[in-house]
Amino acid sequence: MFKKLILMSLLLGSLLLAACGDAAPAAEGAAAEPASTEPLVISAIPDQDPEVLQRQFGQLASYLSEQLGVPVEYKPVTDYAASVTAFRVGDLDMVWFGGLTGVQARLQVPEAQALVQRDIDENFHSVFIATKASGIEPFEDIDGLAQLKGHTFTFGSDSSTSGRLMPQYFLSQAGVTLDDFKGEPGFSGSHDATIALVESGSYEAGALNESVWDNRVAAGEVDLDQVQILWRTPPYHDYHWVARPDLAERYGDDFPDKITQAFLSLDPNNPDQKEILDLFGAEKFIATSNDNYAQIEAVGREIGKIN
Amino acid sequence: MQKTLSGRTSASPVAVPRPSLFNRKTGWVLLFIAGVIWALLQAGLLQHDFVNPGGWERVRRFLAAGLNPDLSPDFLRLTLDVTITTLAFAVCGTFFSLIFGFVAGIFASEVWWQSILPGRVGGRSLYRAPWLAVRSVLAFLRAIHEIIWGLFFISIIGLDPLSAVLAIAIPFGAVTGKVFSEILDEMPRQPYLVLRNSGVPPTLALTYTLVPQAFLDALSYAFYRFECSIRAAAVLGIIGAGGLGHEIFLSLQSLRYEQIWTLFLALFALNGLTDLWSGLLRRRLGAKLSCSGADCVDIDSPMSGTATLQLYRYDRVVRASLIIAALLIPFSFWYIQPNFGKLFSERTLLHLGEVARWAFPPDFSQLPLSEWLELSAVTVAMSLLAIAGAGLLALVLSFPSAHNFLLPGGLLVPSTAGLFHRTLGWAVLLIARSILLVARSIPPPVWALLFIFVLFPGILPGAAALGMYTLGILGRLMAEVVENLDDRPLTALKALGARGGDIFTYGILPLSSPRFLAYGLYRWEEAIRATVVVGLVGAGGLGHLLTEQLSSFDYQGVFTTLIVFVTLIFLVDQISAAVRRTFREN
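Quick mapping for you: the protein sequence lines, in order, are chains A and B. For the first sequence, this note's numbering begins at 1 and goes up steadily by one. For the second sequence, this note's numbering begins at 1 and goes up steadily by one.
If you're looking for bench data, these hints aren't it; they were derived computationally from the structure. Careful, some of the hints might be misleading.
Within a straight-line C-alpha distance of at most 25 Å, the following computed SDA-like cross-link-like pairs (lysine to any residue) qualify [said to hold, decoys possible]:
(1) A:K149 to B:V36
(2) A:K132 to B:N52
(3) A:K132 to B:L80
(4) A:K182 to B:D49
(5) A:K75 to B:L67
(6) B:K494 to B:G410
(7) A:K182 to B:D74
(8) A:K75 to B:S72
(9) B:K342 to A:K149
(10) A:K75 to B:F50
(11) A:K75 to B:D74
(12) A:K258 to A:P71
(13) A:K75 to B:F62
(14) B:K342 to A:K258
(15) A:K75 to B:S345
(16) A:K182 to B:L40
(17) A:K182 to B:L45
(18) A:K182 to B:S370
(19) A:K75 to A:E249
(20) B:K342 to A:P110
(21) A:K75 to B:L80
Covered by chain B, according to a simulated footprint, are these stretches of chain A (three or more residues, beta-carbon under 8 Å) [stated by the list, open to error]:
(22) 64–77
(23) 232–246
Idealized CB from N, CA, C, for every residue including glycine.
Model the full structure from these sequences, guided by the hints.
Written out as structure tokens, the structure is:
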């Protein structure tokens, strides 16, 4: 009986602890700081080496915190859909979205603002690649995509702009539908996986983000005897930081501008700030606006990724 | 042997006619074989090559990295941290699934409804309709995969750890509820009826009689659920719950093989230790059922009565386990800090309303009927291939994994076995168990991303991924069946001088096959459910459609597909119940 009592009290204790667990931090926050400095919660899914940023996000958070004068908290998320949803319900205040996910997020949060993007994002490209064994030859004109008919093909992540949305758009411009491939098109999950899958021959062709391709080629990580680039797409807008509309309310009207300034003033000559730029694969950040993503939205609707 | 058999029949006073070869049982076997052949054709057999020789170089590099995992202090610290996170999510998820399951179990039990609504209407028992309704609700809740629950809770609660905890608690609670209700229904009812006849209300009477009677079986099952929760917590990492799954996916996206291996090793250790602990405890509890998941297998001889409960109260392992569990629970809640306030907050209700508005009403006209059928066919084919492959391999691996088989004193070991035999026995056991452990520890989506390198895209890599995962779990469950076999007929055979092969063929195999079949059918349902998480490898099917709809935020489409999916699982459930009924008849 006695032992039973001990067990019961342990269990009860655990419940109480659990109950306290969530009450305590909230109480502390209220006591120690005024309501206006609740942390700015940010997140990012970068296009290359996501694990590096996700595991070293402290740098970005402390830089922004210093510049903005509010606590900044970084929440790692790996799934695009989950990050859009978290942005909608208000658990993420500002997110580094891809072109498509940024539009999806803004459509679900009216008045949300695209603030800044990298220098390369206003002029972004995808590349189509193929194995040499497939017999598909490099081409100069979009119509060359018709060669892909009858071959196996993989995209990257299903909601990636450069690995899925725009490639599918250019394919449809060239008259290639998803049914024209041999079997169903694949979704490799990431740009690096697309290179690896095409290189190993699991798929004969694929499409991915230009900057990942260029970086991997420059680093000598791609076997160019096996796989070659077919075509670079025309430019479009991609990755950008999107902020929720209630930030101005929370931190003051000039807050969105302060965020933009913080990114614009990232200085490649300052070693700490250079590291942040490197995490994003950027030379510098530039201002952007919602209008820049009208094409992405139109393509998203056409392809059915935006309803 | 044929001769002796017929000789024996003719000598016995009542001649038993040899059963026809064309009975319902062989019918099911033929149907199964036909099904597998159909699935292989669906997968494109004879149409193209399955294996991609170009992928072996990648596999070699991946395996080579296994010899050289990332052991830098920073990464080890990260690995430890996320391992504890995964453990904590599993503990919290299990905790709530058990509370939910035990409450639901009472209200899903036949005995409770019989007492509430004893009347009959038009020759039919009155209680059946509400009872079946409760069971269908549980069936619906458990048919939906943890990942989908996770995304649902993120969309109404947000990124709080509570989302992941609930994503485990709801489907696992529903399974636990079903199993617990069946355990209650199987218990001897005399004490309960005594209380009822003296005027005690049903719920109270149940709490004082059948619930304590069923306690040991339920406890045993609870620890099995904990094993499952660890695996679920790892998968949930994908959608932002953090933990091992999250890190594995990050490293996989950039193909950092050395890091993946470090995380894999942590996953193996976590799974291995949990399974060892749970296995040991359940052996101590002696519950024969080691009953698992969606459909509780026929319970052989449930222990009952307070006498046994008394007995086990003093067992050290049981006591230590309860204390460890009691410490782990508060620790886990403290570690991940789920915010329960969010559950009923205004914001949550607001988002729930939004999601409901977007999702209703389901719209089946989005796709033509032929397309729905095609997608369902792909899904079923994938699950059939997975279970067929996993079942065969599990059959091969389960016997050497059982400790009463090849080890000293085991069923197939001559009593004169020397050192060589003993070492060999241990080596085989360890290898077989390691294979099963690795197979079930790695989440199916990760298996899928590995298989896609060596198998050409299509149904097959998806099936292989599900098959590996299923193999790991099925092999372990089957090994437990072998370990729990009634050894009296087997030792009798051995004492009579039967050789190993004969003991196996005429003793072990017939004794274990009914439960093997039951577990196989149960895992088949689970495999269908899990097709959701491997839909992306060019495998298609409902899983792929669902993933596309999720990333397009097409809530109406998601809801519609889920209904089709759940219907499919109900159908499979019916088939597997029919198969079990046939094989139970003698």
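Going down the list of hints, with the structure as the test:
{"no.": "1", "hint": "A:K149 to B:V36", "result": "violated (31 Å)"}
{"no.": "2", "hint": "A:K132 to B:N52", "result": "holds (16 Å)"}
{"no.": "3", "hint": "A:K132 to B:L80", "result": "violated (43 Å)"}
{"no.": "4", "hint": "A:K182 to B:D49", "result": "holds (13 Å)"}
{"no.": "5", "hint": "A:K75 to B:L67", "result": "violated (32 Å)"}
{"no.": "6", "hint": "B:K494 to B:G410", "result": "holds (11 Å)"}
{"no.": "7", "hint": "A:K182 to B:D74", "result": "violated (44 Å)"}
{"no.": "8", "hint": "A:K75 to B:S72", "result": "holds (24 Å)"}
{"no.": "9", "hint": "B:K342 to A:K149", "result": "violated (51 Å)"}
{"no.": "10", "hint": "A:K75 to B:F50", "result": "violated (41 Å)"}
{"no.": "11", "hint": "A:K75 to B:D74", "result": "holds (19 Å)"}
{"no.": "12", "hint": "A:K258 to A:P71", "result": "holds (14 Å)"}
{"no.": "13", "hint": "A:K75 to B:F62", "result": "violated (30 Å)"}
{"no.": "14", "hint": "B:K342 to A:K258", "result": "violated (31 Å)"}
{"no.": "15", "hint": "A:K75 to B:S345", "result": "holds (22 Å)"}
{"no.": "16", "hint": "A:K182 to B:L40", "result": "holds (18 Å)"}
{"no.": "17", "hint": "A:K182 to B:L45", "result": "holds (15 Å)"}
{"no.": "18", "hint": "A:K182 to B:S370", "result": "holds (21 Å)"}
{"no.": "19", "hint": "A:K75 to A:E249", "result": "holds (22 Å)"}
{"no.": "20", "hint": "B:K342 to A:P110", "result": "holds (23 Å)"}
{"no.": "21", "hint": "A:K75 to B:L80", "result": "holds (19 Å)"}
{"no.": "22", "hint": "64–77", "result": "holds (count 3)"}
{"no.": "23", "hint": "232–246", "result": "violated (count 0)"}
When each numbered hint is compared with the structure, violations occur for hints 1, 3, 5, 7, 9, 10, 13, 14, 23.
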